[in-house]
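Input sequences plus hints: build the corresponding full structure.
Line by line, the protein sequences give chains A and B.
Going by the working numbering, the first sequence opens with residue 518, and the numbers climb by one from there.
Going by the working numbering, the second sequence opens with residue 5, and the numbers climb by one from there.
By construction, these hints were calculated from the structure, which means they are not laboratory data.
For glycine and all other residues, C-beta sits at the position ideal for the given N, C-alpha and C.
Among the clues, some could well be false.
Said to hold, decoys possible - Under the rule of at most 25 Å between Cα atoms (straight-line distance), these lysine-lysine pairs were calculated in the DSS-like manner: (1) A:LYS584 with A:LYS526; (2) A:LYS557 with B:LYS101; (3) B:LYS6 with A:LYS561; (4) A:LYS539 with B:LYS46; (5) A:LYS588 with B:LYS101; (6) A:LYS557 with B:LYS49; (7) A:LYS558 with B:LYS101; (8) A:LYS553 with B:LYS83; (9) B:LYS83 with A:LYS561; (10) B:LYS46 with A:LYS553; (11) A:LYS557 with B:LYS46; (12) A:LYS536 with A:LYS526; (13) A:LYS526 with A:LYS539; (14) A:LYS536 with B:LYS6; (15) A:LYS588 with B:LYS49; (16) A:LYS557 with A:LYS588; (17) A:LYS553 with A:LYS588; (18) B:LYS6 with B:LYS83; (19) A:LYS558 with B:LYS83.
Stated by the list, open to error - Chain B is nowhere near these chain A residues, computed Cβ spacing over 10 Å in every case: (20) LEU528; (21) SER537; (22) VAL577.
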Amino acid sequence: DTAVSQTPKYLVTQMGNDKSIKCEQNLGHDTMYWYKQDSKKFLKIMFSYNNKELIINETVPNRFSPKSPDKAHLNLHINSLELGDSAVYFCASSRRGPYNEQFFGPGTRLTVL
Amino acid sequence: RKEVEQDPGPFNVPEGATVAFNCTYSNSASQSFFWYRQDCRKEPKLLMSVYSSGNEDGRFTAQLNRASQYISLLIRDSKLSDSATYLCVFSYNQGGKLIFGQGTELSVKP
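Spelled out as structure tokens, the structure:
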């Protein structure tokens, strides 16, 4: 009965590879997000989707491409991985609107060697 | 100036102590304010929303001062289980985008 789930939990890969992280929520929320938490612990939003439509796209390299096949899923594909991409990536979901609690997944710890 | 500024700590306090964190924000258009809690190597979780009139939830009290652009969190009677990083968070009315502070680390010792 996990609310927001992500796979994989850990991802270790070489520079230049392409990888994907998957996220699913079973809360019936319309809005899903991807956040990146770097080594200095800052959490920054990358993307937001509302009912499969992209609504927030922060200044993120175009090597990062989110895909939302339906409103319960938001996947993140990363091309040509770089050392600086090493971080923890959190998926989150909420009901629509800025006042609603966001529920976070457990995170995917990506290490690029 | 950073959008959100918090004292990163760490705050080391004994059990039973009262501890307060402040957080300043630079954008006066900010509309929603929250405190999230993040345990080590875990995901952030909502601790409480912060309302204009101030609000309390058990041992936790949150305040908002729009004129001075800061929010605060007061924890009374600290427990060991309160040890975590407390994240100051606000939002514009812009698709639910949350702006996170760096977090304040709290360590409650026996």
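Each hint tested on the structure:
1. A threshold of 25 Å between alpha carbons decides the hint, and for A:LYS584 with A:LYS526 the separation of about 19 Å falls inside it, so the pair holds.
2. Of the pairs offered as hints, the one joining A:LYS557 and B:LYS101 holds, with about 20 Å between alpha carbons and a cut-off of 25 Å not exceeded.
3. Distance check on the hinted pair: B:LYS6 and A:LYS561 sit about 13 Å apart at the alpha-carbon level, within 25 Å; holds.
4. With a CA separation close to 18 Å, the supplied pair A:LYS539 and B:LYS46 stays within the 25 Å bound.
5. Note on A:LYS588 and B:LYS101: the hinted pairing holds, with a Cα-Cα distance of about 17 Å set against a maximum of 25 Å.
6. For the given pair, A:LYS557 sits about 19 Å from B:LYS49 by alpha-carbon distance, which is consistent with the 25 Å threshold.
7. With a C-alpha separation of about 18 Å, the suggested pairing of A:LYS558 with B:LYS101 holds against the 25 Å cut-off.
8. A C-alpha spacing of about 30 Å is found between A:LYS553 and B:LYS83, which places the hinted pair above 25 Å, so the restraint is violated.
9. About 29 Å separates the Cα atoms of B:LYS83 and A:LYS561, which puts this hinted pair outside 25 Å; it is violated.
10. Distance check on the hinted pair: B:LYS46 and A:LYS553 sit about 13 Å apart at the alpha-carbon level, within 25 Å; holds.
11. The suggested pairing of A:LYS557 with B:LYS46 holds, with an alpha-carbon distance near 15 Å, which does not exceed 25 Å.
12. Proximity of A:LYS536 to A:LYS526 is assessed by CA-CA distance (about 13 Å); at most 25 Å being required, the pair is judged to hold.
13. About 10 Å separates the Cα atoms of A:LYS526 and A:LYS539, which keeps this hinted pair within 25 Å; it holds.
14. Straight-line distance between C-alpha atoms of A:LYS536 and B:LYS6 comes to about 32 Å, which puts the hinted pair past the 25 Å bound.
15. At roughly 22 Å between alpha-carbon atoms, A:LYS588 and B:LYS49 fall within 25 Å of each other, so this suggested pair holds.
16. Note on A:LYS557 and A:LYS588: the hinted pairing is violated, with a Cα-Cα distance of about 31 Å set against a maximum of 25 Å.
17. With a C-alpha separation of about 21 Å, the suggested pair A:LYS553 and A:LYS588 falls inside the 25 Å cut-off, and the hint holds.
18. At roughly 31 Å between alpha-carbon atoms, B:LYS6 and B:LYS83 are farther apart than 25 Å, so this suggested pair is violated.
19. Proposed proximity of A:LYS558 and B:LYS83 is supported: the alpha carbons are some 24 Å apart, at most 25 Å.
20. With a least CB separation of 15 Å from chain B, A:LEU528 remains clear of the 10 Å interface cut-off, as annotated.
21. Residue placement check: A:SER537 keeps its beta carbon more than 10 Å from all beta carbons of chain B (closest about 20 Å).
22. Listed as outside the interface, A:VAL577 is consistent with that label: its C-beta sits roughly 13 Å from the nearest C-beta of chain B, beyond the 10 Å cut-off.
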